[in-house]
Amino acid sequence: MAESSTGMPSAPPAATGSAAERWSGRAMAAGVRVGGLLIAILIVIVVFTILSKPNTFLTVTNFLGVTRSMSTIAIVALGLTLVIVVGEIDLSFGYMYGLASIVIGVSWIVWGWPIYLAIPLAFVAAVTLGAINAFLVTVLKIPSFIVTLGTGQLVFGTTLLISNTATLNPAYPPPGKVVPEAEVAWFFGLSNQDLPLGVPMQAIWMVVVAVVIGFILSRSLFGFRLKAIGGNPMAAELARLPIVKYKFAAFIICSLLASLAAMLDFAFIGSVQPNAGVGLLFPVFAAVIIGGASLSGGRGTAIGTLSGALLIAIIANGLALLSAGSYLSNFVSGAVTIAAVVLDRFTQSLRK
Amino acid sequence: MSDMGPAKATPPRVGPHRSSGTTDRGLRIRGLRKWYGDTRALDGLDLGAEPGEILGIAGPNGAGKSTLIKILAGESRADSGEIELDGRPWDTTADRDRVAVVHQEPQLFPNLTVAENVMVGREGTRALVRGLDVDERRLMSNLAIDGYADRRVESVPLAIQQRVEIGRALARDAQVFLFDEPNSALTQEESTDLFRQMHQLADAGRVVLLVSHRIAELAAHTDRVALVVDGVCTAVLEGDARSQEGIAAGLVTGQAAREPEEQVVVSVGEEAETALRLAGWTHGGGEFEGIELHVRTGEIVAIVGVEGSGARELVRSIAGFERGSGQIEIGGNAGGSVIAAGTSLVSADRQTSLFTNLSIADNMVSRLSREITTRGGALRRGRMVAIARALRERFQVKAASVHLPIRSLSGGNQQKVAIAAAIVRRPEVLVLEEPTRGVDVGSKREIYGLMRQYARDGHALIIYCTEVPEVFEAADLVYVVSDGRLSDPLIVMNYPDVETLARAVTRLERHSDAPAAALAPA
Numbered sequence: 000m001a002e003s004s005t006g007m008p009s010a011p012p013a014a015t016g017s018a019a020e021r022w023s024g025r026a027m028a029a030g031v032r033v034g035g036l037l038i039a040i041l042i043v044i045v046v047f048t049i050l051s052k053p054n055t056f057l058t059v060t061n062f063l064g065v066t067r068s069m070s071t072i073a074i075v076a077l078g079l080t081l082v083i084v085v086g087e088i089d090l091s092f093g094y095m096y097g098l099a100s101i102v103i104g105v106s107w108i109v110w111g112w113p114i115y116l117a118i119p120l121a122f123v124a125a126v127t128l129g130a131i132n133a134f135l136v137t138v139l140k141i142p143s144f145i146v147t148l149g150t151g152q153l154v155f156g157t158t159l160l161i162s163n164t165a166t167l168n169p170a171y172p173p174p175g176k177v178v179p180e181a182e183v184a185w186f187f188g189l190s191n192q193d194l195p196l197g198v199p200m201q202a203i204w205m206v207v208v209a210v211v212i213g214f215i216l217s218r219s220l221f222g223f224r225l226k227a228i229g230g231n232p233m234a235a236e237l238a239r240l241p242i243v244k245y246k247f248a249a250f251i252i253c254s255l256l257a258s259l260a261a262m263l264d265f266a267f268i269g270s271v272q273p274n275a276g277v278g279l280l281f282p283v284f285a286a287v288i289i290g291g292a293s294l295s296g297g298r299g300t301a302i303g304t305l306s307g308a309l310l311i312a313i314i315a316n317g318l319a320l321l322s323a324g325s326y327l328s329n330f331v332s333g334a335v336t337i338a339a340v341v342l343d344r345f346t347q348s349l350r351k
Numbered sequence: 000m001s002d003m004g005p006a007k008a009t010p011p012r013v014g015p016h017r018s019s020g021t022t023d024r025g026l027r028i029r030g031l032r033k034w035y036g037d038t039r040a041l042d043g044l045d046l047g048a049e050p051g052e053i054l055g056i057a058g059p060n061g062a063g064k065s066t067l068i069k070i071l072a073g074e075s076r077a078d079s080g081e082i083e084l085d086g087r088p089w090d091t092t093a094d095r096d097r098v099a100v101v102h103q104e105p106q107l108f109p110n111l112t113v114a115e116n117v118m119v120g121r122e123g124t125r126a127l128v129r130g131l132d133v134d135e136r137r138l139m140s141n142l143a144i145d146g147y148a149d150r151r152v153e154s155v156p157l158a159i160q161q162r163v164e165i166g167r168a169l170a171r172d173a174q175v176f177l178f179d180e181p182n183s184a185l186t187q188e189e190s191t192d193l194f195r196q197m198h199q200l201a202d203a204g205r206v207v208l209l210v211s212h213r214i215a216e217l218a219a220h221t222d223r224v225a226l227v228v229d230g231v232c233t234a235v236l237e238g239d240a241r242s243q244e245g246i247a248a249g250l251v252t253g254q255a256a257r258e259p260e261e262q263v264v265v266s267v268g269e270e271a272e273t274a275l276r277l278a279g280w281t282h283g284g285g286e287f288e289g290i291e292l293h294v295r296t297g298e299i300v301a302i303v304g305v306e307g308s309g310a311r312e313l314v315r316s317i318a319g320f321e322r323g324s325g326q327i328e329i330g331g332n333a334g335g336s337v338i339a340a341g342t343s344l345v346s347a348d349r350q351t352s353l354f355t356n357l358s359i360a361d362n363m364v365s366r367l368s369r370e371i372t373t374r375g376g377a378l379r380r381g382r383m384v385a386i387a388r389a390l391r392e393r394f395q396v397k398a399a400s401v402h403l404p405i406r407s408l409s410g411g412n413q414q415k416v417a418i419a420a421a422i423v424r425r426p427e428v429l430v431l432e433e434p435t436r437g438v439d440v441g442s443k444r445e446i447y448g449l450m451r452q453y454a455r456d457g458h459a460l461i462i463y464c465t466e467v468p469e470v471f472e473a474a475d476l477v478y479v480v481s482d483g484r485l486s487d488p489l490i491v492m493n494y495p496d497v498e499t500l501a502r503a504v505t506r507l508e509r510h511s512d513a514p515a516a517a518l519a520p521a
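Taken in sequence, the protein lines are chains X and D. With numbering that gives the first Met the number 0, letter number 66 in the first sequence gets 65, and the count goes up by one each step, no holes. With numbering that gives the first Met the number 0, letter number 237 in the second sequence gets 236, and the count goes up by one each step, no holes.
Hints are computed from structural coordinates only; laboratory data are not their basis.
The following label-pair restraints were derived from C-beta to C-beta distances:
#1 D:119 <-> X:160: 46 to 52 Å
#2 D:35 <-> X:37: 36 to 42 Å
#3 D:368 <-> X:54: 54 to 60 Å
#4 X:37 <-> D:154: 52 to 58 Å
#5 D:108 <-> X:52: 58 to 64 Å
#6 X:59 <-> D:35: 54 to 60 Å
#7 X:331 <-> D:92: 39 to 45 Å
Using N, Cα and C, we set each Cβ at its ideal position, and we do this for glycine too.
Chain X with its partners taken away, still in its complex shape:
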């Protein structure tokens, strides 16, 4: 039956709702959520400003450094947000990050492929992993936690196998191979550009990704339905929403963004090692959860996830400036993550 040919209820006069009516409900709740998070970020900034040596923490240069260091977490976390919103979980993105770096490195440096083919190959690998994850979750109905726990290890094994556990650097290709300098310059240029005010290129990438994911989540039919499916899968099935298709899309986008982050970091750092990305699991999940996405699905925003990544990055940066050492860093990150969720529960109960 053609949907367009059937009559819609006639729209009432445009101005039946007051402004107050428009600014209510979820919009308000989301505002309070992000507002609380921004306050937390400000508090952390004040604390570090007081504790750190003068002119080390609260400077433009340091802030720009933070935006670069948060970009990896943010780009991966924005992809994960889609998976979380649709009510699933992905534990394989960190290993996907590693695989993408190594696929680019091996095909470009070891096999001698042009970089312009090496990068698409990494994205093909990402689409493949996302599709495998989604297939196992939607068609074989295996919980995504188990699926991605398993595929993550499969991917990690693949990464170690094809890299032969070696670190790769285009400046030091294997004997007999040459990496064209023009390609190296182009590739490094993806993350290194002289931008006004010294803005890092990766921060620009992050903003672009955030705008796209933000549009998807709050302004597109795709995002609207992701929230519906994540909020009540049973009702989504009875309403005939395209659950399988959308879960495929969410898992594939998540893997693709992990690969994008991997490519940008490789281009920034200039070399890659097989265990890259293994440490992403905690900060990325923390960013998504601090950002207010619900692990039970149906809730999550791009601005929230971005703020979560910012908070995590500021804490890491501040602790590094204080030379706090990694033990304390882990301790504080863990505590802040839990505190953010407790705060969220608290503000939710206040709103009721």
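Based on these hints, arrange chain D on the given structure of chain X.
Using the frame of chain X, we list chain D on its own:
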């Protein structure tokens, strides 16, 4: 376990509990009130039950029965009113063990054994898991579940699970046993056993409450029947009044007489277009077989049948949510995609028909796609809100703003939103399961009106009903499913009142092969 209640449950007042005369024994409920948002569920309900009797509780859906059960089970708290047990005020939430609710779906630990379920919560504080004690062994053998002691609950039949529920309550020395539609999924033989156990409990001096839709069973197995309508107990039937006829009459008292203009004259086999045609329609899981059904545009067709008859599966299969094979034709089209294109389903349970994380407006447009997006796939928020506001007017949804969370609405208004969300795509055939379950009386009438309006606009509705009054109010035709076969249709208009229709339906539920002609009213 001591017979006296634990000290903490004794309120600091002297008085009635000292004089434990025989008149004070039993369960006394006075002035029980409960509101859900702006929906009144109980409106000052009074009820009394004596130890040793089986008190039946009957009433239409949405009358407050399930609220009463929840309060007695300690799952919910009354806004006001008193409950006394054996002359003492009884706090159901604090002193839960004294009441046992036996559900149609037993609420046990499916992964534990039968024995573990019987003693769960009373294992003691020793580090080692203890075995069954003498009393537990005896009560399990009385219930004939001792043979299943080491089986996991999920692996034993439903009837045994219910006995485990009874056993667990007996082990906790419960005084009040509340059976909530306990035998709707049991065989005849299992039901007989269950009723025998109910009588045993009553004979042992316990209070037994039986909530049931089945008038015949209420008449056969209870001592008295309380009728609950619109949140109050309207009558308690005793003696001769406690007959099937008496109960049926009591239930329909107060239900408005049919208004003639509400009825669509059904002219069988004439010019109306075919909305749905099933031929040789057979369930993938064997619940029904060889169904022939013909539904015309403008008709509301009810399909009824007891649990396990295949009625629910048949209704769901029409919307494509149970596997059906055979021929299906919707609006003159046949083929693989007709179900998805031509039907919408609203499930009975609002947990599965609404998105609780979304607003009212978002729920209303949740099934739309092209109507609410630009070509680029961006949402047209203004259009969504306009559609939602229009639906709010048309469906008389009482909401201050369409941006409020769906959870802020009463059950009746939530149901209107669920139906609106399904109707907005204008399916040829709208399939509704129990369209007014848990809905207050006022909203019920409005929902029936909306259903009728949709039928008049040139569509067909198929509703799955568990309540004959709903069939009487809403439907033009009713088919009864029994053992996976469809009866001949009853034309609802030909029945002067609910009672007569209920009798005809009940007879068809029992005897699938009886000729429909014999059931026509005199």
